[in-house]
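*Asks:* Got two chains here, separate frames each, mind docking them using the hints?
In the order they appear, the protein sequences are chains A and B. Numbering of the first sequence is given in my numbering, commencing with residue 45 and proceeding in unit increments. Numbering of the second sequence is given in my numbering, commencing with residue -6 and proceeding in unit increments.
Think of the hints as simulated: they come from the structure by calculation, not from any bench. Heads up, none of these hints are tricks.
Taking CB as the label site, the calculated pair distances span:
no., chain 1, residue 1, chain 2, residue 2, range
1, B, Leu334, A, Glu181, 44 to 50 Å
2, B, Met166, A, Glu120, 40 to 46 Å
3, A, Lys166, B, Val(-5), 37 to 43 Å
4, B, Glu264, A, Arg118, 40 to 46 Å
5, B, Asp55, A, Glu120, 56 to 62 Å
6, A, Glu64, B, Leu334, 40 to 46 Å
7, B, Lys114, A, Arg118, 28 to 34 Å
8, A, Glu150, B, Glu300, 38 to 44 Å
9, A, Lys166, B, Lys328, 52 to 58 Å
10, A, Glu165, B, Phe352, 51 to 57 Å
11, B, Arg271, A, Glu64, 55 to 61 Å
Listed next, the in silico DSSO-like pairs over lysine-lysine satisfying Cα-Cα at most 30 Å (straight line):
no., chain 1, residue 1, chain 2, residue 2
12, A, Lys97, B, Lys317
13, A, Lys116, B, Lys37
14, B, Lys282, A, Lys87
15, B, Lys208, A, Lys86
16, A, Lys87, B, Lys317
17, A, Lys102, A, Lys157
Please read these numbers as outputs of a predicted model, since none were measured by experiment. A virtual CB, placed ideally from N, CA and C, is assigned to each residue, including glycine.
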Amino acid sequence: MSEIKVLGEYIILTDRKYMETDEWVKLEGDIAIIGISDYAQKKLKDIVGVEFKEPGTKVKKGDLIAEVESIKSRGEIYAPFDGEIIEVNTQLEDEPDIINSDPYGEGWLVKMKPDNPADYEKLLSPEEYAKTIEEREKS
Amino acid sequence: MVLKKSPLHEVHVELKASFEEFAGWYMPITYTSGIREHLAVREKAGVFDVSHMGRIKISGGDDALVFLQKLVPKELSKIGPGSMSGPTAFLNENAGFKDDVMLYNSGSEWYIVCNAVNREKILDWLNKWKTEWGANVGIEDITFDIVMMALQGPSSSELMEKIGLSKALELKMMQFHRNLESSYGKVFLVSRSGWTGEDGFEIWASPEVGAKIFKALVEYGATPAGLAARDTLRLEMGFVLYGHDIDENTTPVEARYWVWTPGKTGYIGYEALREVLRKGVDRIRVGVKMKKKVKAIPRGGDLVTVEGEVIGKISSGNYSPTMKRGIGMAYVDSKHALIGLEIEANIRGRGYPGKLVDFPILKK
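Just chain B, with the same shape it has in the complex (with noise of 0.2 Å):
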């Protein structure tokens, strides 16, 4: 397979940083130090290159909200144009994840942020509901025309000023800004999101803009950060990775991931997701918090024990460069999903000691 490169690939070879194949595409690991990098944006601030995420434009106005409608079990009529849904599921018919995305109300269209891994899968299930349902929207893949940053951190709102786009600055969190004019062109959208716990926005440009712009932050002084520390950041919110933490056969219910509106009805997935919130579910999505002086790190699919019984298992985990110690999410039997449990992590053979958490792992 050939991998896909970020139109801004020659920006970070300038800035050398060392890459890696993440679904399908070589993207910045890490350009210093993944832990460097994830200590700047909880500090400072760091700029991410995500132009990977699938982004997929919806036009057709009324058509395009009612066609997302049904696709989605989140409300979507009381987000207003400029708002953004906050995180929410394409959901297949047993409930489970096809994919977790964010919906960007428009005006006369929507966009679609899809994971990277499952942007052809994604485009494939909106063409077959769009015959199906013989539905008057456009379906347009936009991901290789527009590059997408995320600038995250305490100080992303001064960085946003010195590149002309103080505009943003007026943005409460999951809104955005289309086609504002910053110092280096006009930028197709500007949002207040991300996804490392952050204060942050989010640009989608042009790649001739998008590299003047990247380039920009990081003189300014925003630390370029790669996909390590973008992994090790969410993981301390909590925030789940689609193929690890979630996937076709896990529902909303057992990850505690809110990404429904209660009452919505008439979506796909919405019988199914019905039956699981009255039936409960047999395992529940749960943090991992290693003590301190353990030096194993926990990672997916070591296996989570009590008094030597497998209780569950560790879907994502990693040292969390904030805490100075390992930390993960577990799914684990709902008998035992009891917060502050001592349990074992199970890494190469050897029982570790951590306990139970809640999310975010890292409070702040």
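The following block holds chain A by itself, in its conformation from the complex (with noise of 0.2 Å):
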């Protein structure tokens, strides 16, 4: 799998599109999985909990899905288009850390149903959103 890596740091993978808040998102058939990247959870650092909204919730472009705590702050999760959750990663109710130890694997947080698949390509490519960490860090 191919990646970027932006000021030696952070990783970014180029097989999924990502958000400004700092979500990836991961298109499989009609499904988009949803985590965080590794960028945000450099940040985060040590986390320790995990919230979610419930499965079969429907949600706006924007809405919160789901929260994670650190023990530096709190990250929100929003919805990267309209559609219905489907499934949660609930193993990271009891094992949080894995969204530090595998952000992009097993440490999924969200699976969604988009209500129009083709909202996906208005997403963030790696490479943009690459610029804005460089943007931010910049700054």
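*Replies:* This is the structure we're talking about:
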């Protein structure tokens, strides 16, 4: 799997898309898997708790779908598009630190069925997301 | 604002620390993981750079004692050379905290350790009263000349021996030695003290000697620990953090912070403190322990409720790596300050169950 390394530190996988708010979104068939980026987990550091919206919940783009608590702060995870939550990663309720060790794999948070799968194309490309991180780190 | 850096900054860079702003300083927040660093201190030993703490020397022999006696509510005459005052405070005229501080009697002079965030305010405060009273004392900020490290945890003593400071092992809590010779050069001061609830030592030294000692302690097995772990460690013990749990509008009485000696009179804030003691308080600082299954973590500003009624507010909160759950401290109105009372912490608009507990929150 190919990846981009931003500022020698933050890994961005090129097989998925991203949001300004540091979520990654991967489309598998008509299901979108959502998690947080390596950049986000490195900023949050020790993640100690995760909470989800119930599966079955209909959400609008930008709605809160999950929250993660770390020693440092709280992170909010937003819906990348309109759709329905179909599954949440309950394993993280007991082992939230998986997000730190494997943010792009086992540390996925929520699976959603988008109302309109074409919305996926509107998300940030890996290159665009890399640029937003660089800009944030500059300031 | 240009952030101040510790003289040990390069050591932390080598150890791959991640840094963040704290009280105007760019300090290590973690090296690997705040939780791992926290547990290392509870189980073995961790070493912190706490050079951001303000350190002020008050010289003038007996005049220094007289001067400080008028500024702090703790009786200092019984604190002999080589002893520390334990936590005390500079109070304002309303008995609110200017700062909580530690005083060190070093014979002909005293040392003050104050919070980084208050260093300049305290220097101004000391100079103001020196002028007002015409006190014959010297006030010198030595914060930038000398580094301060805290070695904390049950195996601290063994590590002190390894760096040639076995003489420090004879110290009891709140005692210190000056000018000990370590394997890496002379150290300015070594005390048996800390802010974690564990046995440990605080070492003051020149930046050169300090850097060698910090690196040596890490090589001998101390886990380098950052301010994230320092915060969760102090929280488990119920130790207050200035600006969060106490401030100029908080009295030591409501904070249940025993920084004064009953019977002592004639210091700044005395009249007001006496009045508070006579009248009692409207709010009280207590611990909060969340139910184990709760994944949300209480943070400063979150409201505390009982039966939907707001009874108080969290002043600081976080995850307890030792107890593996959210904990915090809160000011609750005194009618509801009932240890054991089941409450809800209102986190992001939702109530989560917990209860009020006494300090330390972590019972060892």
